[in-house]
Amino acid sequence: AQKITQTQPGMFVQEKEAVTLDCTYDTSDPSYGLFWYKQPSSGEMIFLIYQGSYDQQNATEGRYSLNFQKARKSANLVISASQLGDSAMYFCAMREVSGNTGKLIFGQGTTLQVKP
Amino acid sequence: DVKVTQSSRYLVKRTGEKVFLECVQDMDHENMFWYRQDPGLGLRLIYFSYDVKMKEKGDIPEGYSVSREKKERFSLILESASTNQTSMYLCASSSEGVWYEQYFGPGTRLTVT
Numbered sequence: 001a002q003k004i005t006q007t008q009p010g011m012f013v014q015e016k017e018a019v020t021l022d023c024t025y026d027t028s029d030p031s032y033g034l035f036w037y038k039q040p041s042s043g044e045m046i047f048l049i050y051q052g053s054y055d056q057q058n059a060t061e062g063r064y065s066l067n068f069q070k071a072r073k074s075a076n077l078v079i080s081a082s083q084l085g086d087s088a089m090y091f092c093a094m095r096e097v098s099g100n101t102g103k104l105i106f107g108q109g110t111t112l113q114v115k116p
Numbered sequence: 001d002v003k004v005t006q007s008s009r010y011l012v013k014r015t016g017e018k019v020f021l022e023c024v025q026d027m028d029h030e031n032m033f034w035y036r037q038d039p040g041l042g043l044r045l046i047y048f049s050y051d052v053k054m055k056e057k058g059d060i061p062e063g064y065s066v067s068r069e070k071k072e073r074f075s076l077i078l079e080s081a082s083t084n085q086t087s088m089y090l091c092a093s094s095s096e097g098v099w100y101e102q103y104f105g106p107g108t109r110l111t112v113t
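Keeping their order, the protein sequence lines are chains A and B.
First residue of the first sequence: 1, per our numbering; consecutive thereafter.
First residue of the second sequence: 1, per our numbering; consecutive thereafter.
One or more hints might be untrue.
Said to hold, decoys possible - Capping the alpha-carbon separation at 27 Å, the derived lysine-lysine pairs in DSS-like fashion look like this: (1) A/K3 - B/K57; (2) B/K71 - B/K55; (3) B/K18 - B/K71; (4) B/K3 - B/K70; (5) B/K55 - A/K3; (6) B/K18 - B/K70.
Unchecked claim - Chain B side only, calculated, beta carbon under 10 Å to chain A, not exhaustive: (7) M88; (8) F104; (9) P106.
Keep in mind that the hints were calculated from the coordinates and are not lab data.
Every residue gets a Cβ at the ideal spot worked out from N, C-alpha and C, and that includes glycine.
With the rest of the complex left out, here is chain A:
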């Protein structure tokens, strides 16, 4: 069965430093997509970045990059030059292609606090 694991319940980072949020996944489907979402204290879920299982290069979106290691089944989010506004909860999620329903499986989340 597909599964997403985020082992860091909480993280601290100094402003302007880089931080890596861990995510491992398990699936038997060769085709899948990996997503990262940000949830500020206001509650809305904000899409950050996407990586397809067949993508050759790691995805990047501005200060966000996804360190995709397929053999290790890991999809860590790297935030460069942290800002105070990055303080939020971050969720890793996965969708399998089979079934084509768009279902996402979410990890437990990691709370990131950026210190000034």
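Given chain A, work out where chain B should sit, using these hints.
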């Protein structure tokens, strides 16, 4: 911009009441989803719909039902609310292609007393 709206940000209901949570999206998305979010558990899928009048159970459908009479609207129904249904409820929508991200509404924090 895609917009997903939910009828209430905060809701307080009594045990045994019938509760309706409404979700509307304005981007003509085929897929719509209802999740609940609890601390330490992440988001768990309750129900989803890939077309009007079509619905499928997610991972935790017990105690819930859904309705999708129009493409833009997806309702979550708690037939008889219980205290263990106190939670944050998030609605989302996405295009039909599996590579598309889901867009979320602001959430409804439901308290059942």
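**OP:** Go through the hint on B/P106 and say holds or violated, using the shortest Cβ distance to chain A against 10 Å.
**Re:** holds (5 Å)
Original post:
Quick one, is the B/M88 hint okay against chain A at 10 Å, beta carbons?
Top reply: Holds. Min distance 7 Å.
Original post:
Under the criterion that the straight-line Cα-Cα distance not exceed 27 Å, is the pair B/K18, B/K71 satisfied?
Top reply: holds (23 Å)
Original post:
Under the criterion that the straight-line Cα-Cα distance not exceed 27 Å, is the pair B/K18, B/K70 satisfied?
Top reply: holds (21 Å)
**OP:** Could you grab the alpha-carbon distance between B/K3 and B/K70 and see if it respects the 27 Å cut-off?
**Re:** holds (16 Å)
Original post:
Going straight from one Cα to the other, do B/K55 and A/K3 come out at no more than 27 Å?
Top reply: holds (23 Å)
Original post:
Taking the least C-beta to C-beta distance, is B/F104 closer than 10 Å to chain A?
Top reply: holds (4 Å)
Original post:
Is the straight-line distance between the alpha-carbon of B/K71 and that of B/K55 27 Å or less?
Top reply: holds (12 Å)
**OP:** For the pair supplied as a hint, A/K3 and B/K57, confirm whether the alpha-carbon distance does not exceed 27 Å.
**Re:** With a Cα-Cα distance of about 18 Å, the restraint between A/K3 and B/K57 holds, given a limit of 27 Å.
Checked against the numbered hints given earlier, this structure breaks none of them.
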